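Asks: Work the whole structure out from these sequences, hints included.
First to last, the protein sequences are chains R and A. Note that the numbering used here gives residue 420 to position 420 of the first sequence, counting from 1, and the numbers run on in steps of one. Note that the numbering used here gives residue 253 to position 253 of the second sequence, counting from 1, and the numbers run on in steps of one.
A few of these clues could be false.
[Stated by the list, open to error] The calculated lysine to any residue pairs, modelled on SDA-like cross-linking and capped at a C-alpha distance of 25 angstroms, are:
| hint | chain 1 | residue 1 | chain 2 | residue 2 |
| --- | --- | --- | --- | --- |
| 1 | A | Lys65 | A | Arg143 |
| 2 | R | Lys340 | A | Glu31 |
| 3 | R | Lys336 | A | Arg23 |
| 4 | R | Lys322 | A | Phe116 |
| 5 | R | Lys254 | A | Glu31 |
| 6 | R | Lys240 | R | Lys423 |
| 7 | R | Lys254 | A | Arg23 |
| 8 | R | Lys336 | A | Glu36 |
| 9 | A | Lys26 | R | Asn293 |
| 10 | A | Lys26 | R | Gly215 |
| 11 | R | Lys150 | R | Asp222 |
| 12 | R | Lys322 | A | Asn331 |
| 13 | R | Lys322 | A | Glu36 |
| 14 | A | Lys124 | R | Ala323 |
| 15 | R | Lys65 | R | Thr122 |
| 16 | A | Lys403 | A | Arg416 |
| 17 | R | Lys216 | R | Leu47 |
| 18 | A | Lys2 | R | Thr122 |
| 19 | A | Lys322 | R | Val385 |
| 20 | R | Lys26 | A | Asp289 |
| 21 | R | Lys20 | A | Gly215 |
| 22 | A | Lys340 | R | Leu28 |
| 23 | R | Lys216 | A | Lys26 |
| 24 | A | Lys124 | R | Glu31 |
| 25 | R | Lys322 | A | Ala117 |
| 26 | R | Lys322 | A | Arg143 |
| 27 | A | Lys150 | R | Leu35 |
| 28 | R | Lys216 | A | Asp24 |
| 29 | R | Lys26 | A | Phe326 |
| 30 | A | Lys216 | R | Thr27 |
| 31 | A | Lys150 | R | His54 |
| 32 | A | Lys2 | R | Gly215 |
In short, the hints are calculated from the structure, not lab data. Being a predicted model, the structure only gives us computed values, none of them experimental.
Spelled out from the first residue to the last, the chains are:
2 protein chains.
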Amino acid sequence: MKKINIGLIGCGNVGSGVVKILRDKKTLLSEKIGLEINLKKICDKDLSSKRNVHIDKDLLTGDAKDIINDPQIDIVVELIGGLHPAKEFITEAIKKGKNIVTANKALLAEHGAELFALAKDTGKSIYFEASVGGGIPIIKALREGLVANKFNSVFGIVNGTSNFVLSEMSANNCEFHKALSEAKLRGFAEKDPTLDIEGLDSAHKLVILTYLCFGKLVSLKDVFIEGISRISLADINYAKELGFEIKLLAIAKKEDGQLQVRVHPTLIPENHLLSSVAGVFNAIYVSSDLAGNLLFYGPGAGQLSAASAVVSDLVDLTQDLKAGLFRPTMNSVEDKSITKLCKIDDVSGRYYIHFTVLDKPGVLAKIAGILAKFGISIASVSQKVKSHSQQAVPVVIIIHEAKEKNLRLALAAIDRLNVVKEKSVAIRIEEV
Amino acid sequence: MKKINIGLIGCGNVGSGVVKILRDKKTLLSEKIGLEINLKKICDKDLSSKRNVHIDKDLLTGDAKDIINDPQIDIVVELIGGLHPAKEFITEAIKKGKNIVTANKALLAEHGAELFALAKDTGKSIYFEASVGGGIPIIKALREGLVANKFNSVFGIVNGTSNFVLSEMSANNCEFHKALSEAKLRGFAEKDPTLDIEGLDSAHKLVILTYLCFGKLVSLKDVFIEGISRISLADINYAKELGFEIKLLAIAKKEDGQLQVRVHPTLIPENHLLSSVAGVFNAIYVSSDLAGNLLFYGPGAGQLSAASAVVSDLVDLTQDLKAGLFRPTMNSVEDKSITKLCKIDDVSGRYYIHFTVLDKPGVLAKIAGILAKFGISIASVSQKVKSHSQQAVPVVIIIHEAKEKNLRLALAAIDRLNVVKEKSVAIRIEEV
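Replies: Here's what the structure looks like:
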C-alpha cells in the first residue's frame, strides 16, 4: 500500500488528538482511502512532559527543520498556533514543496493573503478545516458542497467560551463574572480569556468565513469587534422578555453592494435556531442564493473534534497527492458585486438600548427628544421595576432601523444628561 | 480551457434547475474549477412543454441512448426518478464508461448494492448528494468531512412534506387533514402524498444515510416504517404539555452491537435543536465518536437547492476526471462492531401512550394491571379534560423503557377491554 509521509509540528492538545486518531483509526483510514498516512516525525518544544497519548520517542524532535527539510515528508501539519514561528515554519515548508494542514485561525486571519498566494504560486495547498468550528465540516461545505452558490450573509457562533458564558448567564440567571468563573472551572475558558471574551478569536474565524463566502481576505483591522464583557444579566433578562436571546455573533453580510464584517453581542429572535445553540457548541448559519438558509452545528472545540477536522484535511490531501491534483476550488473567487467594505458607522440596524435614569417626570421626553433630533424613532419602551438598592431605574427602548453613527451621537448626548446615571448600553438586533 | 461533457436525463423541476445553474454560474464555476462543464445533451420524454428555463432545442432528445451512447459524454446526470427505466439507464451508462450523478433516493435504496458494485468494478463513480436533504451537503460531510469518525446514531428530519404538516398542526392548532390541505395548497405536498406522509420517502433516505454512517446497505424491507397520518392534534398538544414535540424521524442507531433502522413519529424534547426544525426544512443530527454531535440543517427540497447539490457533485466529478482519480472514499466501510439488525419487536424505548377510556372508577387500575403483567412500568399518568361531545376521556401515560414487542401485546390486551373506546395510540420517545 502506498504511503504518504506527514510531519507534525506542535503536539499539544489537538496534536496529540491527531496522533491518537492516526493510530486508532489506521485500519479504517487505509481501508477508506487505499493508502497509508504515515506520521514520520513530530516536532514539539516540550520533549519530556506526559501526553494523554503514547508517542514513540524516536519520532520526536525539538527542531522543526527536521520536518521541513525532510524530502520524504509530503504534508506538514502545523498545530503550534500563534503567529510566530508558525508563519515562518509554514512558509519554509511550502517553499520546500510541502502541502500544509493547519488549525491556525489567527495566522490565517493575519497573514492568509501572503500564505495563500505563496501556496498558489508554488502549486501547493493549505487546508484549514480545523480553524473554524472544530469538527464541523464547515470549510468543506462552503468550498465544495456549496460550490455553485453565492452568499448573502454568514452568522456564526464561533467561540465556545463566549457562548458558554452567555448560555450560563441565561440559563442559570447569573452575572457575567460568575458564569466566566464556571467556564474556567469546567475547562471552557483560559486563565486569561480576553481573546475569547472580547471577540478577537471570533474575528479571526470571521475573516476566514468571509474569505470562503465572499472571496475577500479582509484585514483584521477592518473587522468591527465588540466582546461580551459588558453584557449584564439584566440585559439578558430584558431581552428575553422581548422575545430575544443575546449571542456573540460573527457576521459577514452583503447589503447594497457593501460588505459588513463585524463581531458583537446580538439580540436574535428566541425561536431562531441560533438561539438554541447552548454551551460550548458552535453554529454557522449561512444564507445562499441556491441552497437557501443552512445551519451547521457542533462542538466548536475539543481535542478529538478539532483533530477529526485535521485528519479529514489529511485524507483530502493524500487523495490530491496520489492523483497529482491541485484542487482549484481551494481558491475562493471574489464576489464582484461587492463594491466596498461598509464602515461600522454606516451600518444600519435596529437596537436594544438600556438606559439607567432617575425616576422623574420628563426624563423619557428628554431621551426621546434627543433620539428624534438624530432621526431615530422608537419602536417600544418599557420602564423596569426599581430594585430596593437602586437610586435610578432601568428603561429599555427598542429603536427602528438607524445608522450606528447617529445612534452613537445620540447616546453620547443622552449620557451627558444629569438624569442619566450610567453609561447606556446599546446592543444590535439582527433578524438573521 | 478543458471541457467536460455531460448529459442530462430528465429535465423536470430539478433538471431545469441544473440547466439554469450551469448557464447562470458558468463563469463562476469555470473560475473556481479551471474547466468548463458543458451540457452536451438533454433527454426528456416531454419535448414540447414550457419550462421555467430556456433550453436550446438542439440539445434536446427524446431518446436516452443518444446520451448513453455518446462517447464524448463523461458524466450522466439522472434526474427522472423512480426505479425504471432509471436503473437501466444508469446501468447502461456505467457500462459505457460514464460516471453518474443522481438524486434518485428510491433507486439507491432499492438497488444501491447492485449499482455501487457495478460502479466499483468498472472504476466509475456514482455521486448522489441531492438524494438526501436537498442542498444540505450532508453526503459530503459524512463521507469526507467526518471521514475518520465512527457513528453511533443518525436522526433525520428528511421529509419536508411531513415536517410541514406536523409543524403546521403544532403552530396553528389544526388537525392533520387541514394541515395536509394547506401543504398541498402551498405546493409542499403531491396530489397523492402517501410516499411522504407514510414514511417511505424518509425510509429511502434513511437507507442512504445508514450506508454512509455504518457501511451497510440495509434492505428496505428491514426498515420499520410508520407514517404520520394517525397523529392527531390532541397528541401534539399533550406531548407539548409534557415538554415534547412530535417529529417524523428517520433513525439509524447502534445499540449493543445491533443496528436499529426505523422511521416513525417520535417525541423529542422541546429544547432539542431538532424540535426547532419547522416547515419544509430538513435536518440531520449525527452522533460521532470524534466530532461529537453535529446538526446539518437547510431546505430539504426545492428546484435550486437540489440542483445546487447536483452541481457540487458535477464539480467533484470533473476534478476526479481531470486528475484521473477514482475517489476510494466513495466506498463506505462496514462497521464491524455491528453484529446484526435489530428487529422492531426487540427495540427498547420509552413511549407516550394515549388511551381513550370511559370515565369510570377502576379503569386506570385495569390498564396499569395489564401493563404490569407485561413488565411495563408507568412513569407518569394524566387524565385529560373531556370535551362536551366526548363519551370517553383521554388518558395519557408515559412508560419507562420497554420492549416494543411487550408493549404491542399489552396494548392489544388493553384495547380489548370494554372500557376502552378507541384504539390506543403509542408514540416512541427518543432522548436523541
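Asks: The structure should be examined with respect to each hint, and the outcome stated for every one.
Replies: Hints versus structure:
no.	hint	in the structure
1	A:Lys65 with A:Arg143	violated, 32 angstroms
2	R:Lys340 with A:Glu31	holds, 22 angstroms
3	R:Lys336 with A:Arg23	holds, 18 angstroms
4	R:Lys322 with A:Phe116	holds, 23 angstroms
5	R:Lys254 with A:Glu31	holds, 21 angstroms
6	R:Lys240 with R:Lys423	holds, 22 angstroms
7	R:Lys254 with A:Arg23	holds, 24 angstroms
8	R:Lys336 with A:Glu36	holds, 20 angstroms
9	A:Lys26 with R:Asn293	holds, 23 angstroms
10	A:Lys26 with R:Gly215	holds, 17 angstroms
11	R:Lys150 with R:Asp222	holds, 22 angstroms
12	R:Lys322 with A:Asn331	holds, 17 angstroms
13	R:Lys322 with A:Glu36	holds, 24 angstroms
14	A:Lys124 with R:Ala323	holds, 15 angstroms
15	R:Lys65 with R:Thr122	holds, 20 angstroms
16	A:Lys403 with A:Arg416	holds, 20 angstroms
17	R:Lys216 with R:Leu47	violated, 40 angstroms
18	A:Lys2 with R:Thr122	holds, 22 angstroms
19	A:Lys322 with R:Val385	violated, 69 angstroms
20	R:Lys26 with A:Asp289	holds, 15 angstroms
21	R:Lys20 with A:Gly215	holds, 23 angstroms
22	A:Lys340 with R:Leu28	holds, 20 angstroms
23	R:Lys216 with A:Lys26	holds, 20 angstroms
24	A:Lys124 with R:Glu31	holds, 18 angstroms
25	R:Lys322 with A:Ala117	holds, 23 angstroms
26	R:Lys322 with A:Arg143	holds, 18 angstroms
27	A:Lys150 with R:Leu35	holds, 19 angstroms
28	R:Lys216 with A:Asp24	holds, 22 angstroms
29	R:Lys26 with A:Phe326	holds, 21 angstroms
30	A:Lys216 with R:Thr27	holds, 18 angstroms
31	A:Lys150 with R:His54	holds, 22 angstroms
32	A:Lys2 with R:Gly215	holds, 24 angstroms
Violated hints, in rising order: 1, 17, 19; the structure is consistent with all others.
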